[in-house]
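> Protein sequence lines correspond, in order, to chains F and P. Position one of the first sequence corresponds to residue 0 (numbering that gives the first Met the number 0), numbered consecutively onward. Position one of the second sequence corresponds to residue 0 (numbering that gives the first Met the number 0), numbered consecutively onward.
For the record, the hints were derived by calculation from the structure and aren't laboratory data. One should not assume that every hint holds.
[As the list claims (entries may be wrong)] Cβ-to-Cβ under 8 Å is the rule here; a few derived chain P residues that face chain F:
1. G52
2. R56
3. G98
4. D104
5. P137
6. K139
7. G141
8. L166
9. N169
Even for Gly, the Cβ is constructed at its ideal location relative to N, Cα and C.
These are the residues of each chain, in order.
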Amino acid sequence: MARVVVDVMLKPEILDPQGKAVHGALGRLGFEGVAAVRQGKRFEIDLAGDATPEAVAEIERAAGTLLSNPVIEDFTIHVEGV
Amino acid sequence: MRVGIVTFPGSLDDRDAARAVRIAGGEPVALWHGDADLRQVDAVVLPGGFSYGDYLRCGAIARFAPVMGPLIDAARGGLPVLGICNGFQILCESHLLPGALVRNDHRKFVCRDQRLRVENTRTAWTSGYEPDQQIVVPVKNGEGGYVADERTLDELEGDGRVVFRYLEDNPNGSYRDIAGITNARGNVVGLMPHPEHAVDALTGPTTDGLAMFTSCLNAAVAEARA
Chain F
0 MARVVVDVML
10 KPEILDPQGK
20 AVHGALGRLG
30 FEGVAAVRQG
40 KRFEIDLAGD
50 ATPEAVAEIE
60 RAAGTLLSNP
70 VIEDFTIHVE
80 GV
Chain P
0 MRVGIVTFPG
10 SLDDRDAARA
20 VRIAGGEPVA
30 LWHGDADLRQ
40 VDAVVLPGGF
50 SYGDYLRCGA
60 IARFAPVMGP
70 LIDAARGGLP
80 VLGICNGFQI
90 LCESHLLPGA
100 LVRNDHRKFV
110 CRDQRLRVEN
120 TRTAWTSGYE
130 PDQQIVVPVK
140 NGEGGYVADE
150 RTLDELEGDG
160 RVVFRYLEDN
170 PNGSYRDIAG
180 ITNARGNVVG
190 LMPHPEHAVD
200 ALTGPTTDGL
210 AMFTSCLNAA
220 VAEARA
């Protein structure tokens, strides 16, 4: 069984209030040297079979259809352990 | 006139939307998210709430509910569709309207009465207002910031497709103070504020929201006569 990972991030031009809140909390806790934080989503998708090019292409289609909104987000996809 | 109100798992304002339709003189018809059937309605309201718990993104899962198949087709064919709050988010996720709604820039849920300017009175849902009329209706959201790229925003402005704009204080960081927009044809309208909560002086700050529902009824009557 193979695992495909999809990482979704807000596009750089979209404000990320959650990332800003985390950045602020890091500063209050004394963690130094942090210039900025952006928060995203990670999906771990276990395939029923092997990570064939067709199976990965299917997940890529899912990532663009449901897992991310192309208006505000970008995604990257990789097969874990490869 | 039959106006469908869709209930998704987590819809909150479907009853208030149905009540607004009734007060405006229409017949509210309950539509179920799991049925790919619009029950021959003359218009549809997608109500506010937190469909599917706002999981993934607001409206992202509701957008693929069975009822949305025929609804998206009908909307492209000219059926009047109004999306309020979560309904607006669903319309954006469906790409019936451009842009997206993101978390409020100040990171807090906002709930208050909000002054708006009606900037487009040619849509199916706003013909009952005067151009540039100011109205006050409740706004309540945590992810109501309207965003789109500059080109889309310029296009919306240039084509007069900004229907409502926030006045006085922008409650959520929406780009260009945009509170509501329409598609090119003017049959699909989405807005974050809640006109259905402002149709009765007993329960709302004003009755300014009622004209949205009477506008749609009058448009349908006019079309039936034509």
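> Per the CB criterion, is P:D104 less than 8 Å away from chain F?
At about 6 Å, which falls below the 8 Å cut-off, the nearest Cβ of chain F leaves the hint on P:D104 intact, so it holds.
> Can the hint on P:N169 be confirmed by a CB-to-CB distance to chain F that is less than 8 Å?
13 Å, violated
> With chain F as the partner, please determine if P:G98 meets the hint condition of a C-beta pair closer than 8 Å.
It holds, given that the least Cβ distance between P:G98 and chain F is near 6 Å, below 8 Å.
> Against chain F, run the beta carbon of P:L166 and see if the smallest gap drops under 8 Å.
With a closest approach of 22 Å, the P:L166 hint is violated.
> Does P:G52 hold up as a contact with chain F if the rule is Cβ-Cβ below 8 Å?
15 Å, violated
> Classify the hint on P:K139 as holds or violated, based on whether any CB of chain F lies nearer than 8 Å to its CB.
18 Å, violated
> Hint P:P137 vs chain F: min CB-CB distance below 8 Å?
22 Å, violated
> Let's test the interface hint: is any C-beta of chain F closer than 8 Å to that of P:G141?
10 Å, violated
> Given P:R56 was flagged as interface, is its beta-carbon under 8 Å from a beta-carbon of chain F?
For P:R56, the interface hint holds, since the closest Cβ of chain F sits about 6 Å away, which is under 8 Å.
Violated hints, listed in ascending order, are 1, 5, 6, 7, 8 and 9; each of the other numbered hints is respected by the structure.
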